[in-house]
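Enquirer: Start from the sequences and build out the full structure, keeping to the hints where you can.
The listed protein sequences correspond, in order, to chains A and B. Here the numbering used here is used: the first residue of the first sequence is 1, the next is one more, and so on. Here the numbering used here is used: the first residue of the second sequence is 584, the next is one more, and so on.
For the record, the hints were derived by calculation from the structure and aren't laboratory data. Note that beta-carbon positions come from the ideal geometry of N, C-alpha and C, so glycine has one too. It is possible that some hints are incorrect.
Unchecked claim - So these bits of chain A aren't anywhere near chain B, every CB distance computed over 12 Å: (1) I163; (2) M423; (3) P525.
Stated by the list, open to error - These stretches of chain A come out as covered by chain B in the derived footprint (C-beta under 8 Å, 3 or more residues): (4) 536 to 546; (5) 567 to 581.
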Amino acid sequence: MEKVLLSGNEAIARGAYEAGVLVASAYPGTPSTEILENITRYKEIDASWSTNEKVALEVGIGACFGGARALVTMKHVGVNVAADPLFTLSYTGVRGGLVLVVADDPELHSSQNEQDSRNYAKFAKVPMFEPADSNEALEFTKLGFEASEKFDTPIFLRSTTRISHSKSIVELGERPQEIPQPTLERDPAKRVMLPGNARNRHYVVEKRLLEMEEWACRQPFNRIEKGAGKVGVITAGVAYQYVKEVMPDADVLKIGLVHPLPKQMIRDFSANYETLYVVEELDPFIEEQVKAMGIKVIGKDKLSICGELTPGRVQKGLFNKDIPTEDNSPELPARPPNMCPGCPHRGVFMELNRAKAYVTGDIGCYTLGFMPPLSAMDTCVCMGASIGNATGISKVLSEEEQRKVVAVIGDSTFLHTGINGLMDMVYNKSASTVIILDNRITAMTGRQENPASGYMLNDQETYRVDMEQLCRAVGVKHVKTLDPYNIALTRKTIREEMARPETSVIITTRPCMLVPRDNMDKRMPLYVDHDKCTGCKACLRLGCPAIAWDEENKKSNIDRIICVGCKVCQQTCGFDAFIEHGE
Amino acid sequence: MSDVKNILLAGVGGQGILLASEVLSEVMMMAGLDVKKNEIHGMSQRGGSVVSHVRYGKKVYSSIIPEGEVDILFSFELLETCRYLPLLRKDGQVIVNNLKIAPPSVALGKQDYPADLTKEIARKFPATTVVNGLDLALEAGNAKTVNTVLLGALSNVLDIDRELWLKALHKMVPERLLDVNLKAFDLGCNAK
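Expert: See below:
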């Protein structure tokens with residue numbers, strides 16, 4: 001068999017292919033995004049970006065009711081959005097297998113919270129596999145589909161950042177030669193979840209979990225690795241690797257199915273040790289259940305619930321050994337992420353800052369508008385929250401203060417869940433300014449298409465949502481569209497609309513700098529004429545990575561390698577010091 | 584005692600670090616070793632600090648290098664090198680690109696870029712190689728081949744057949760950029 005180096009996400013995509021999956025749907029979210037991007041290389045699978053995670057899961061459910069195997073992927077917080085169909089899907093069960101991949105982000109490398117999705121498995125009564133490397137990511141994906149059909153249940157596959165974005169060696173298999181043809185099949189008692197039907201199904205769900213618990217005690221994905229026989233460790237997922245690294249002599253019960261836990265197996269294993277550890281990331285999910293079985297374990301009293309584990313953190317927690325950490329002393333200047341040179345959002349945030357707006361923010365690249373020197377974001381809660389937050393805060397403020405409130409949201413986020421907030425704002429006669437930063441792409445996660453792009457995941461052209469019409473259709477009377485590279489117009493419009501005592505929407509439209517198909521016209525980089533530059537630092541307010549302060553000459557400089565010639569800086573300069581090539 | 588070797592790549596988003604770690608991992612796999620590599624995508628790609636862990640040996644467990652066990656810090660920028668020096672073994676090696684990229688606080692004139700970093704690094708870790716990556720990349724004919732130049736310099740200190748490096752470059756570099764990258768790799772190998 002061929003061996004290749006794959007990331008966890010690539011391996012899950014491959015696993016779906018080898019499992020004979022026909023439909024894959026998702027909404028992008030770090031660290032899950034690359035799964036669907038990699039599935040596009042398998043033409044046998046119909047893969048698409050949905051408008052949000054709830055829709056993605058509903059599409060998957062439909063496909064599985066039709067008899068096809070379906071893969072649905074999202075990041076941890078995406079499950080909050082998809083929770084509604086998820087909990088009832090647990091009752092209906094499946095026809096074709098359905099695997100829902102959820103990628104958690106311990107340490108919040110790129111997220112707004114650190115929730116542990118294993119709790120969803122228990123809460124929604126959906127079994128959950130958790131791989132510890134790429135090869136298991138592939139194997140467990142396939143296994144997930146088999147278990148899904150065998151037990152008539154959706155299956156969770158839980159990844160974490162360090163699984164999704166780590167590469168390790170994977171053995172490839174083949175796609176099955178024959179895949180059952182999907183058909184229509186009616187079974188209302190199982191698929192129409194009215195009280196009379198659902199009441200019966202709840203018994204089925206509980207029985208299923210008990211059966212799976214027993215089954216899991218006899219399956220190779222839950223295994224015992226013998227060591228020196230003195231210390232026992234129960235672990236799962238990426239934490240298993242750190243245990244093997246730090247405690248090479250320990251006996252290890254490695255759990256592959258984290259819900260339902262193999263209770264008898266745990267009982268038998270635990271009986272052998274005086275010292276027993278549970279090593280797991282985030283919540284004491286396994287630990288609490290093991291303790292509830294009356295077994296004494298060491299776990300979160302030694303290891304933090306917050307943040308990810310590392311080999312050093314396990315060592316420090318369990319054995320109190322000091323570990324070196326990165327040098328983050330103040331003498332070493334920090335290097336936080338920043339909006340790209342030429343990012344169309346930059347000027348908008350500079351103007352919001354200058355207008356002293358109170359900005360309810362949202363999730364996307366533009367959340368970086370929070371960073372100095374732009375410093376123009378006051379809240380950021382979740383996808384789509386900006387508009388509802390603006391409505392709520394406006395309700396409780398004086399008329400004068402209300403006018404300072406501006407909701408800022410990206411195109412993808414607006415279409416994800418922001419549109420509901422806008423409808424509510426108009427319906428309930430709230431008054432606020434909403435800015436839709438339309439760069440025609442889901443940029444933060446690495447440029448994925450959405451209904452505002454005019455393209456699908458497979459690069460095919462499709463209808464592009466008319467943002468202006470959409471806003472008018474829900475009842476916004478004042479909708480203005482402008483080019484955010486035009487700073488004077490951006491400033492004037494923001495100030496006018498903030499002063500208006502009615503709901504208004506400003507759509508700033510300019511494609512993301514990083515999308516090649518939308519940026520065909522090459523602009524020339526600028527340079528600073530030092531004879532004209534007075535060293536006033538007005539341009540530095542933009543925080544553009546291409547502009548740097550030259551301390552020696554007390555002037556600004558442009559890095560011509562990364563400048564893309566957006567000319568926004570030119571408009572901030574009162575002395576015409578930003579010159580185009582050839583002038 | 585584990586035979587696993589640990590290389591930490593560090594630098595700034597956009598410098599081609601992920602491709603370099605990809606090539607390095609491929610080389611180790613072709614050498615018949617177990618390999619794991621790890622990095623963070625997402626926010627860090629927006630010009631932020633970027634690291635990639637590469638581990639190889641007979642059997643690798645954690646894809647994160649245990650803290651304090653980095654054998655080689657393979658760095659694309661001076662300030663980022665200093666950030667990760669504490670993670671090196673005491674007898675660790677540094678291969679560093681002689682390049683300063685101003686972080687936002689420096690670009691805004693609020694902080695100075697620390698002075699004399701190369702000296703500081705070499706004082707702490709005598710086994711330091713400083714490579715003028717950009718000069719050599721320009722000599723090869725493309726400023727964007729700095730990462731390949733640096734891989735050449737790294738190959739000097741690793742006990743891996745040159746043929747495997749060339750094979751990995753042939754496999755992973757687009758056809759039209761292959762020649763310039765092979766040249767860049769050789770210039771890196773010869774860098775003193």
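Enquirer: Which of the listed hints are not met by the structure?
Expert: 1, 5
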